[in-house]
Amino acid sequence: MSSSGQLALHDLRFSYESAAWELRIPALSFGGEPLCGIVGPNGSGKSTLLKIAAGLLAPREGAAELGGRPLAGMRRLALARRLGFLPQECSVLFDYAVEQVVAMGRHAHGGSLDLSTAADRDAVARALADVGLEALRQRPLSQLSGGERRRAWIASALAQETEILLLDEPTQALDLHQAAAVMEILARRAASGLRVVAVMHDLNLAGLFCDRLILVQDGKIAADGPPADILTENRLAAAYGDKIEVLRRPETQNPIVLAKK
Amino acid sequence: MNKNRKIYAFLAIFVAFLAIFPWIGAEKLSLRQVFGFVVGEWTADGMIFFQIRVPRVLMGLLAGGALAMAGAALQVIFRNPLAEPWTLGIAGGASLGAFLARICPFLWFAWGPLNTSQALALAGAAGALGLVLSLARRSGGAGTQTLLLAGVTVGVISGGAIMVVSGFVSPWKLAEFHRWLLGGLDAADWRSIGALSALAVPGIAILAAQARSLNPLGLGEDMAAGQGVEVARVRRWTAIGAGIASAGVAAVAGPIGFVGLLAPHAVRRIVGPDLRAVLPCSFLFGGALLAACDAAGRWAAAPLEVPVGALTAVLGGPLFLALLARRR
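Residue numbers (this note's numbering), protein chains in the order written: chain A, 72 to 332; chain B, 11 to 338.
Among the hints, a few may not be true.
Unchecked claim - Facing chain B, from chain A, some residues (calculated, C-beta under 10 angstroms):
no. : residue
1   : W92
2   : K122
3   : D166
4   : A168
5   : V172
6   : M175
7   : D191
Stated by the list, open to error - Footprint (simulated), chain B over chain A, 3 or more residues, beta carbon under 8 angstroms:
no. : segment
8   : 157-163
9   : 220-233
Everything labelled a hint here was simulated from the structure, so no lab data went into it.
All residues carry an ideal CB built from backbone N, CA and C; glycine is no exception.
Sequences and hints are given; from them, build the entire structure.
Next up, the structure:
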């Protein structure tokens, strides 16, 4: 990954009127690792951080930059060709078919619901294949399961064919099997060049799939590094409290995080 | 049937209505008399046809089209399938403005096709929309029922204000406005077509320019922003376009409700949710619908006329209630 594709935050300060903390990030960059997870307790500022990185929220001080250019100065359409964002909540106004939702990911490339160009059709077909929804492409969203619907959203973001994709809790409200399937999809795309940054709640999934974890606490970066270094009892206790236990999987030494009574 | 053929089908209905409806009315017209001007003789039938009936049908097509297109776009930016100029109070506010301009001689100022009734209709539309939005924002957002409750209430208040003010107006002057108050097209002549076009056409053009960007908004604001839509700008221009178009209609035809609800819902069932098809088809179908209601109103009790606004309310109101009941 060349540094031109780097998404960097520097001297960032942001606060909500209602929040007790202020988001303060001296320097942080994404784009070095294929799959980066942002973890931390509820309300610690993970989603806020992601929204600022996506250019959806303007920081009070500092800036988010893509390839050295501040996001604030870029047109959204140009930005969306390089940087994708999938929000936590997706709700549809009309009952679109799966293929239409995915096709809307082509907006920044000039495409729209009816897939006018070959590039649009290819991107949509690839995204549908990657998430395994080819057979359901004509199905209305209302007839899908929660996991299938989530995969449709992810396919829409994948069809955007950006350098970096930011996702806010892509496995939210999915069962274990579906959540792992979603992470597999992201890991596969990450292996072929996409840089993925995901806010995650499930520390075990994060530890299993991510190449780097950023632990956020009260608006600050509490720790940043490989999962094995972040998912330790000491670090997690500082962020989540002491009712957490970390075991190691015997064969791989992967950390397993458990709640303690 | 593919999407383009469906659009052509809507266009065909629109054109067919333009050709047929001028023949409907209290006075029976003869084809030969109407087209007598071809051989150099202007007849009474020709005058009725070209000076009264054709402008009236055109006005129905244009006004209905503008309202329907405004409704289709407003439903997306407010994420509320029941939003339209009347249910958001825009039509009511605009009508109040236009009414004040008409009854206060010292407010009246005309310049070509533009006059104070359009200016005050615009101000009324903007005021109503601003009020409804600020109320809805305070209690949970634009997608909620509060938006509709506030909108319908602002519409009713505007209607009430018109009634109160009309109490101070001499009865013979009021008779002029009676039809307009109920939402009617019988003031239609070529001059009022010009007045309607002066606002409706720019409003429609602004809405049409937003069509492609409105599509991703159907997936939510953050999702649309991530896909490259300048959400705030699209929402602002859509509200402006819909406001201008609705104010233009209210200024010449009074408060006409539910066309902006009926037409987009029917159209989406036929062409799907792509706004690049929904907006033009809503224009064509909304226009055809309003012109048809007006023709029915002229024909049903001829020589008496049922105001078209009353007919669209009777047709559209039940749909509104049915959709409201279906929402949780």
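Status of the hints after comparison with the structure:
no.	hint	in the structure
1	W92	22 angstroms, violated
2	K122	8 angstroms, holds
3	D166	8 angstroms, holds
4	A168	8 angstroms, holds
5	V172	7 angstroms, holds
6	M175	5 angstroms, holds
7	D191	13 angstroms, violated
8	157-163	holds (count 6)
9	220-233	holds (count 4)
Figure legend: structure checked against the earlier numbered hints; hints not met, in rising order: 1, 7.
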